[in-house]
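Enquirer: Chains as they are written, first to last, in numbering that gives the first Met the number 0: chain A, 0 to 358; chain B, 0 to 522.
Bear in mind the hints are in silico, worked out from the structure with no lab data behind them. All values derive from a computational prediction rather than experimental measurement. Idealized CB from N, CA, C, for every residue including glycine. Check before you lean on any hint, since a few could be wrong.
Said to hold, decoys possible - Pulled a few chain B residues facing chain A out of the computed Cβ check, cut under 8 Å:
(1) 186
(2) 188
(3) 359
(4) 362
Said to hold, decoys possible - Computed Cβ-Cβ distance ranges for the label pairs, DEER-style:
(5) A:218 <-> B:78: 36 to 42 Å
(6) A:155 <-> B:301: 25 to 31 Å
(7) B:393 <-> A:142: 43 to 49 Å
(8) A:248 <-> B:344: 57 to 63 Å
(9) A:34 <-> B:373: 39 to 45 Å
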Amino acid sequence: MTPLTLDDIEALAVGSWILGTGGGGSPYLGLLNMRRLYAEGHRVFLLSPVALADEDCVAVVSNMGAPLVGQERLADSRNIARAVEIQEGLLGAKFRAVMPLEIGGGNSIQPLMAGAHLRLPIVDADTMGRAYPEAQMTSVAVGELRPYPCVLYDPRGIEAVVTKVPSWRWMERVSRKICVEFGSIASTCKAPRTGREVKDWGIHFTVSKAIGLGRRVREAQRRHDDPIAAILDEGLGKLLFHGKVVDVARRTTEGYLRGRVTIEGLDNDRGSRVEIAFQNEWVVAWRDNAPLVMSPDLICVLDSVSGEAFGTETIGYGRRVSVIALPAPPVFLTPKGLEHVGPRAFGYDLDFHSVFESA
Amino acid sequence: MRRIGVDVGGTNTDAVLLEDGAVIHAVKTPTSPDVTTGIVTAIDELSRCLGITSGVIDAVVIGTTHFVNAVVQRRELARVAAVRIGLPAAASLPPFCDWPLDLAERVRGGVFMLEGGHDYDGRPIVPFDEAGMRRIAQQICESGIHAVAVAAIFSPLDPSGEERARAILAEECPDATVTASHQLARIGLLERENAALLNAALIDVAKATVAGFTAAIEASGIAAPLYLTQNDGTVMPAAMAAALPVLSFASGATNSMRGAAFLSGLADAMVIDVGGTSTDVGQLRNGFPREANSVVEIGGVRTLFRMPDLLSIGLGGGSLVQADPLAVGPESIGYRLIDESRVFGGDTVTATDIAVAAGLARIGDGRAIADLSRDLVRRALAKTHGMIEDAVDRMKTDARDLPLIAVGGGAFLVPDRVAGISQVIRVPHGGCANAVGAAIAQISGETDQIYRDLSREEAISAGEAQAGERAVAAGADRANLSTVDVEDMPLAYLPGNALRVRVRVVGEMASRRNQLGSSSVSQ
Chain A
0 MTPLTLDDIE ALAVGSWILG TGGGGSPYLG LLNMRRLYAE GHRVFLLSPV ALADEDCVAV
60 VSNMGAPLVG QERLADSRNI ARAVEIQEGL LGAKFRAVMP LEIGGGNSIQ PLMAGAHLRL
120 PIVDADTMGR AYPEAQMTSV AVGELRPYPC VLYDPRGIEA VVTKVPSWRW MERVSRKICV
180 EFGSIASTCK APRTGREVKD WGIHFTVSKA IGLGRRVREA QRRHDDPIAA ILDEGLGKLL
240 FHGKVVDVAR RTTEGYLRGR VTIEGLDNDR GSRVEIAFQN EWVVAWRDNA PLVMSPDLIC
300 VLDSVSGEAF GTETIGYGRR VSVIALPAPP VFLTPKGLEH VGPRAFGYDL DFHSVFESA
Chain B
0 MRRIGVDVGG TNTDAVLLED GAVIHAVKTP TSPDVTTGIV TAIDELSRCL GITSGVIDAV
60 VIGTTHFVNA VVQRRELARV AAVRIGLPAA ASLPPFCDWP LDLAERVRGG VFMLEGGHDY
120 DGRPIVPFDE AGMRRIAQQI CESGIHAVAV AAIFSPLDPS GEERARAILA EECPDATVTA
180 SHQLARIGLL ERENAALLNA ALIDVAKATV AGFTAAIEAS GIAAPLYLTQ NDGTVMPAAM
240 AAALPVLSFA SGATNSMRGA AFLSGLADAM VIDVGGTSTD VGQLRNGFPR EANSVVEIGG
300 VRTLFRMPDL LSIGLGGGSL VQADPLAVGP ESIGYRLIDE SRVFGGDTVT ATDIAVAAGL
360 ARIGDGRAIA DLSRDLVRRA LAKTHGMIED AVDRMKTDAR DLPLIAVGGG AFLVPDRVAG
420 ISQVIRVPHG GCANAVGAAI AQISGETDQI YRDLSREEAI SAGEAQAGER AVAAGADRAN
480 LSTVDVEDMP LAYLPGNALR VRVRVVGEMA SRRNQLGSSS VSQ
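So here's chain A without its partners, still in its complex pose:
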């Protein structure tokens, strides 16, 4: 087990916001909680997924709901710990470790808060390798692992359990209804996973990956180096476009934030324009009307100067941005994986083509 320093967690907040691919909510409030917990003497440790025994039980956690509601109700570190305790009670066994559902955005910090209170290590893995909006968009759903039971907790003392559903899509529908009743925010502990399942279906070493990305960005900022170049180097990414945001159109359909952002090229890309469609996260980008990059490749829109990520809710006119792609987790590149998270899963009738295939 590797101890995580507060500096690692600061880097995790920066890196996970990049891996959020436009969604997942800002990790700032989670980071504030961790600063306080560390000041009180709490520490968390990172555990390699390969160090899990097959029969170990792993808690998979996330905060569910609208990032905007989170800005008011804030992230309370004890809530996510409570969700894990309830799940443990149902399970009738002790958890060996806690794991993030998604490494992208604020949910990267949730398992650290639970781990600090419960003295459990954090598995260096997740089930998305980024952020995605729906419950069936995970590696464990691609692997058709059991989707239940799911615990949802609210600090008013409301404890809900979805004990059984026939599919991940049903889990999404039913748990979303509960979450909305809670005020569109819930601390959740998803279906427990065994060590074997994490080893077979988890997306490995993504916590380390996020910390590495964040550390490189922070270093580049300190040294006044190019943070975009550092991200591309660290994440084995591809720079796709450099430009200025000239239009943002947002609308809501079926409870999601959808829309398009238009970026006009600068420097070497002058004369070209890129449009990126989003559903909470960036999904498909076109360059001069031809598909450029699409999910599951990670599309990141970054501040060209600071290297920090822009979210789909916060990006605005006039921002100078660099659009980059990072490689998708292999589990999503299979035909079954593409059914869950390929362009057609988001309603775009396109055959998936990775920008990394031609390389």
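Fit chain B to the known structure of chain A by using the hints.
Expert: Below, chain B alone, put in the same frame as chain A:
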């Protein structure tokens, strides 16, 4: 309408008289350490030139950086009792949790959390804890703290919890001055609460400063209501500024952008304000500065204040020029320009000397710089123009060419041709654009709310109506309200087509005759 605008800057206090939409006279005087004396001097000089005190003045509008400097310099701050309404939610991140330690130590005068607050859909999280609030109010009273900040979860949507807390504090602790976070608007509990805490910390200095301004106006023999400029380029009555000083945090730069819009008659343009030490570049949209859409830190505290999106670079008329390696700024001789620069008989080469040598400005004694090498003048000028061009391009967010309004005492450093700029516009009184901006005195109202089950158009017009009422309550004339900013944001993951709508409405100041007949004006 006759109005006096005053801008209190770090170096100069500028004052202008505006009459029926025209600048009648402008003066520049040195800023005094106590601020008030400088204002009296500036207004006196304005009066001496014109005898303006004989006529009716409709309003005096002052722009000041006094309050923001108090926070940045950590002086004159009151101890604040923080009351958070929202338990059992948000308990692990109490008030002051993200403040710099030194400032928190100085300001924190007790932290209290109690049950209450609302969800995004307007339902209470739990019922408001009346008895708990009464106990807290008694404790605050016993502690001797008189500045209180109250913040409730989702109070911009339902302020009833904060209002109830204020009423209980008034009963139990009558000497307390209460800042409620919903008065400062915007969703985002920590940032809104931080604004309320800063505001409460500034209550004493705000009351004293506004009283000083009022006395200065009276001492000048002017019987006119006093207004202070806000961050967004509009104004608020003095009484409101004394209660909500954080709303006037921003800068002369906002005023100079508004002044540039007024003097040029342009509503959509780039503005460059070249001062003695620094240059600010921003963009006007509908006559107002484009706002920064990110979190703004004041003295290290995260807030969501309405701040103009400005780029400041270290270039001005007093910038030092070095030949090898070639450099213009960021060091500057500032107000010592009139003693130390070459054209004024000193021996320091500044950007002003370069401009005079190049024939771009007629300042001081042109013969004093006859020995400057032509090569240095050419290279330094090219460097200066390059810096300006780059700053303008970085702030420009439209692909199409826009006009550039050049104001400030060092506007002669701006070249006549700039890439991406259709025309460089220079205006009379551009040197006092900041005081002109203060004098034009429009009044704004803003709302930021979540609407459900309304069409986008219905939600926006509901927002416009509410923002309009707020503008009228602050002193705007109901007859000429206009909407200058609408932002709608569908809320991810929320059902019922939830839409967050932010609207800003501005109006001309209601004339004093009309104000007498109106009960909604607090002046």
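Enquirer: Any CB of chain A closer than 8 Å to the CB of residue 186 of chain B?
Expert: Hint on residue 186 of chain B: holds, closest Cβ of chain A at ~6 Å, below 8 Å.
Enquirer: Does 57 to 63 Å hold as the CB distance between residue 248 of chain A and residue 344 of chain B, or does it fail?
Expert: This hint holds: roughly 60 Å between Cβ atoms.
Enquirer: Could you say whether the range 43 to 49 Å given as a hint is met by the Cβ separation of residue 393 of chain B and residue 142 of chain A?
Expert: holds, 48 Å
Enquirer: Minimum Cβ distance from residue 188 of chain B to chain A below 8 Å?
Expert: holds, 5 Å
Enquirer: Interface hint check: residue 362 of chain B, Cβ to nearest Cβ on chain A, cutoff 8 Å. Holds or violated?
Expert: violated, 35 Å
Enquirer: Note whether the CB distance of residue 34 of chain A and residue 373 of chain B lies within 39 to 45 Å or breaks it.
Expert: Since residue 34 of chain A and residue 373 of chain B have Cβ atoms about 58 Å apart, the given range 39 to 45 Å is violated.
Enquirer: Checking hints one by one. Is residue 359 of chain B an interface residue toward chain A, by the C-beta closer than 8 Å rule?
Expert: violated, 30 Å
Enquirer: Verify the CB-CB distance for residue 218 of chain A and residue 78 of chain B against the hinted window 36 to 42 Å.
Expert: With Cβ atoms ~40 Å apart, the hint holds.
Enquirer: How does the Cβ-Cβ distance of residue 155 of chain A and residue 301 of chain B compare with 25 to 31 Å: does it lie in that range?
Expert: Given a distance of about 28 Å, which is inside 25 to 31 Å, the answer is holds.
In summary, the structure is inconsistent with hints 3, 4 and 9 from the numbered list given earlier, while agreeing with the others.
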